[in-house]
Amino acid sequence: MALKRRKKQPGTLDSDFRGAHTETMLQLSGNNSESQLLATLTDLNRGDAATLENIDLPTDEARRLMELGFLPGTRITAGLSAPGGDPRVFQVDGSEIALRRETARHLTVRVDRTKRAR
Amino acid sequence: MSGCDGCSAGSVAVLPVSPVTKTSRHVALIGPPNSGKTTLFNRLTGLRQKVANFPGVTVERHTGVAVLPDGREIPLIDLPGLYSLAPRSEDEQIAYDVLTGQRGDIGKPQAVLLVLDSTNLARHLMLAAPVLALGIPTLIILNMADDLRNRGGQLDLAALSAQLGAPVALISARQGEGLDQVFHFLAGAMPKPAPKELPILQDVPKCRQWAGRVGSAAQYRAPAPPKWTRRLDAVFLHPVAGPLVFLAVVILVFQTIFNVADPAKDGVDHFIHLTGNWVASVLPDSLFRSLLLDGVWNGVGSVVVFLPQVLLLFLFIGVLEDSGYLARAALIADRTMAKVGLQGKSFIPLLSAYACAVPAIMATRTIENKRDRMATILIAPFMTCSARLPVYTLIIAAFIPNRPVLGSFLGARALAMLGLYALGFVAAVTTARLLKSSVLKSGRAPFLLEMPSYRWPTLQSIGLRLLDRSVVFLRRAGTVILLVMVVLWVMAHVPLVNGHAPNIDNSLAGTLGRTIEPAIKPLGMNWKIGIGLITSLAARETIVATLGSIYGMDPESNQAGLGASLQHDLSFGGAVALLIFFAFAMQCISTIAVVRRETGGWKWPALQFTYMGVLAYVGSFVAFHILS
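First to last, the protein sequences are chains A and B. Quick note: the first sequence uses the numbering used here, first residue 1109, plus one each step. Quick note: the second sequence uses the numbering used here, first residue 32, plus one each step.
In short, the hints are calculated from the structure, not lab data. Fair warning: there could be bad hints in the mix.
Stated by the list, open to error - Looking from chain A toward chain B, a few residues come up when the C-beta cut is under 7 Å (computed): (1) Gly1155; (2) Ala1157; (3) Thr1159; (4) Met1174; (5) Gly1202; (6) Ile1205; (7) Val1219.
Quick reminder that beta carbons are idealized off the backbone N, C-alpha and C, glycines included.
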């Protein structure tokens, strides 16, 4: 994708909202050299858990993902997949959603737990 | 809650309700996909429901009548499943327009039943804020109470009701539990809690936070993960066992549609013949009898014979979808389908198109993505359906000698047949790629597939689905097909000679056949084949019977004779051209009628008919010129 569009946040942030994540969202653009813990959803193997940092997709697509529970700050666990690992099911916010690799690679996560050390 | 006020202050208000609205008596059902909304709708209305399309769009409008215990009738409308009220897809636009009273044909509903999955309350509650903000009396229905209980979840209904400022009912639509509360609400007898100022949120993270707060204020305890779903998925999505199960399901569906539906189809055909013969025996010989029998009776027959296939396919799809396996099958098939720009959910419809494009096109309803659905509809008729087989068999037997190609393993005739199957498949795949990289390019919607928990399908919802599909098929497709059959009959029976129908060569159809001869001569075909091409517009296999009657013989008893006559009239190149024509052309009124119904207009079927026709013509032309 040549042009990277970011999710726009409305102007005011109320105190209750987890502002830190919003800022992280605006800063990161899928560049995971900054931290070893940062990865994309495609890097997760079955059983790995991670926290979503940022969705690097056009607003409409990002919104659709967010409606299904893929919100920054949410914990995501990688589940089973189709043969070959694509698409893969992710457990997020009480439901199981399958994403294609082409979508999952736009979701930056902070890895919390890997099932086996890599 | 101070947090809520903060939310509403900091966000953009959506949903401007237009001032000119008409309130109707309807009560609308709304809810996210997989919330059990349709199960509830079926529970409330039973057989008192009907399906139509919203005018001008492909969204189906399910309406029905719920009868209250006191005998009052409440009209219900089941809106498409959606995750938010922001109108982006066609489905969401329709739901939004209905709820805000902007659709003239329905009017603003007098009340709303908002159906949410109680096992996933926090996320589903996100839809409550925008729906409640519409200001229509709303009952929040928390469905799947049985699941919530069994998996150890719980919540405080009174607290939730107070939080939302709306009545709340915990029900199980599948078990029929708690429906009295819904009736109570519909009767207008449910006490309303104090209205509550709710945040109007466009921002999803804030909406989710609000939902989370409401959930915790109502002491919502999320249920444990579904044990059986995890266990079943360990098998159905296993790297080795998963594809095997998938293959077994696919073979089962395919075999049933071919081997069980075909005898059923023959049975229906036979029955139509028998009753036709009986009518023939009581009526005096006249043109009217011929119209009734050859036109109307055969017309009705040509529609009804598809019914066993439609029913069987929808029985399978009903069980697969309601149980939750269809989502897993789509997941497994997705990568293969993605190669041609389609997605996993296109697989089952395309597979069933090998039996018949009609049920296949109706089955594309399971594909939520409109563009993927349209592409699947447009390529389905390329799959070699069973109606092509009699034509292929006749011509291959007449023109291709039965000599071995790969020893005794594969003969030349079998190879030709395989080649035609491959040809249809390649045409379908190429067209899919073409469509998906141009007019039907999926820009906005990423591929998302929610994996619902496995559930036992209920007899009621499968039965209603079968009934609903048959009615849709018979009424909508049936009227068009019947009309065309009658027109074709008239064409074969005018002008009258001494009050009798002419020989088919001299009829209007024959004249038309001769008129189009210059057009089909470059394909190596003569006017007799031309008549066959015209009559086969009704259904492909009709050409066999037409050619039989033109060559003056009964095609069933004398197929070798018909073959010999064809050899006399067609060169080898012409025969191949004819085969290719049949592989590509959309000669099936039933398919055209179904595409029109499913796409909500004549635009797509017209485009499809033209495209397939041009492809057929060019393909035959090239084949004939290479081979002669």
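Comparing the hints with the structure gives:
1. Interface hint at A/Gly1155: violated, since its Cβ lies 12 Å from the closest Cβ of chain B, which is beyond the 7 Å cut-off.
2. Nearest Cβ of chain B to the Cβ of A/Ala1157: about 14 Å, over the 7 Å cut. The hint is violated.
3. For A/Thr1159, the interface hint is violated, the least distance from its beta-carbon to any beta-carbon of chain B being 14 Å, above 7 Å.
4. The interface hint given for A/Met1174 is met, as the beta carbon of that residue sits about 4 Å from the closest beta carbon of chain B, less than 7 Å.
5. The restraint placing A/Gly1202 at the interface with chain B holds, with a minimum CB-CB distance near 4 Å, inside the 7 Å limit.
6. Interface restraint check: A/Ile1205 against chain B, minimum CB-CB distance 5 Å, threshold 7 Å, status holds.
7. The restraint placing A/Val1219 at the interface with chain B is violated, with a minimum CB-CB distance near 21 Å, outside the 7 Å limit.
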